[in-house]
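Chemist: Letter by letter, the chains look like this.
2 protein chains.
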Amino acid sequence: MNFKERGLLIVLSGPSGVGKGTVCRVLREEKDNNLQYSVSATTRKPREGEVEGVHYFFKTREQFEHMIEHKQLLEHAEFVGNYYGTPVEWVRETLESGKDVILEIEVQGAFQVKERFPEAVFLFLAPPSLQELRNRLVGRGTESEDVIKQRLLVAREEIELMDAYDYVVTNDEVDKAIDRIKAIVTAEHCKRERVASLYKKAMMEVI
Amino acid sequence: MNFKERGLLIVLSGPSGVGKGTVCRVLREEKDNNLQYSVSATTRKPREGEVEGVHYFFKTREQFEHMIEHKQLLEHAEFVGNYYGTPVEWVRETLESGKDVILEIEVQGAFQVKERFPEAVFLFLAPPSLQELRNRLVGRGTESEDVIKQRLLVAREEIELMDAYDYVVTNDEVDKAIDRIKAIVTAEHCKRERVASLYKKAMMEVI
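If you're matching them up, the sequences are chains U and P in order. Going by our numbering, the first residue of the first sequence is number 1, and it counts up by one from there. Going by our numbering, the first residue of the second sequence is number 1, and it counts up by one from there.
Source of the hints: derived by calculation from the structure; they are not laboratory data. Careful: at least some of the hints might be erroneous.
Copies of the same chain look alike in the list, so a pair counts if it fits in one copy or across any two.
To be verified - In silico DMTMM-like pairs for lysine to aspartate or glutamate, Cα to Cα no more than 20 Å straight-line:
(1) LYS114 / GLU193
(2) LYS191 / GLU173
(3) LYS191 / ASP179
(4) LYS149 / GLU5
These figures come from a predicted structure and were not determined experimentally.
Kindly produce the complete structure, drawing on both the sequences and the hints.
Modeler: In structure tokens:
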């Protein structure tokens, strides 16, 4: 059916270090999918190669707190001393235009989105094991032993939070995780609740 | 994750003539999917080239009615004077072995499967007729009142049948319909209800 359909809001979350950033970067570079990526605001320092307005909007704490106060963020979280958040206006406009939006956010933020967008599709990106998660954090070489320990403890708690999600996507290999995410988006567009209401809507317009 | 997972029962149904047979034949000829196709029992006479146990299990009416009586069929239907049905034992064994099973059946049979396997995934293969109808009415406005009425009735009946299904797969092009079906199977394997408890168990063994 080609009649106008509201876009899907896809929320990709999961423990820090599981590979959300990598998965999203590869998805973003592909030309054959229709996912739109929101650019988050953060108070974290830019890593090498990160570009303002492309990877993040880098903000001071003062600027970020002003955005919170004025409800300009769909969700926000403080994680290991830094704020992360999603500017709300762009998300609403893109969904209304019929495009799917993917948000890559921390677990804390996903719950806030669920309150404001219960119809969003929640994907939990899960590491194949906590050992693997630890290896990845160590391999990144940018985190201290204390930060790694803290993140593993957080990850264990976050795994308990899977129950609030619609799907669990294991990130054993990036390409496989991406195929699963794209399959989920395709399947969600075929959900009967979604399609039947569109058929009915089109029917009403016809009659 | 390598833990043992029960297979999915995928039920592909939809209005007669929508193209279920074609879609299933193409899926069956592909080598890159793990779907198992059940062999139906039938009282119809074998056609040339049809092999017992490969294309059908050929039965007498007495044998078939014995199977019905002893609940050895997951579903069955009578069509143009012949019985057709799905032997339940093979389906259960295949699912237990971890493989996915796809059943291509008429709408009548799908409702019987839903009673015995409510956890099955129900796919409604839909013709893009409403779209054609809509295009004609909106774009050209040349159809007679009778044709419009007839098409509206067909579309309305189809929409009502949809409500018992989990997904609606529009069969606009066979390849696209097949991609959607494969995406739905992948997505169903990622469903949180299915994965989370097994996942947590495997995860905690690592710590």
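Chemist: For this structure, which hints from the list above don't hold up?
Modeler: 4
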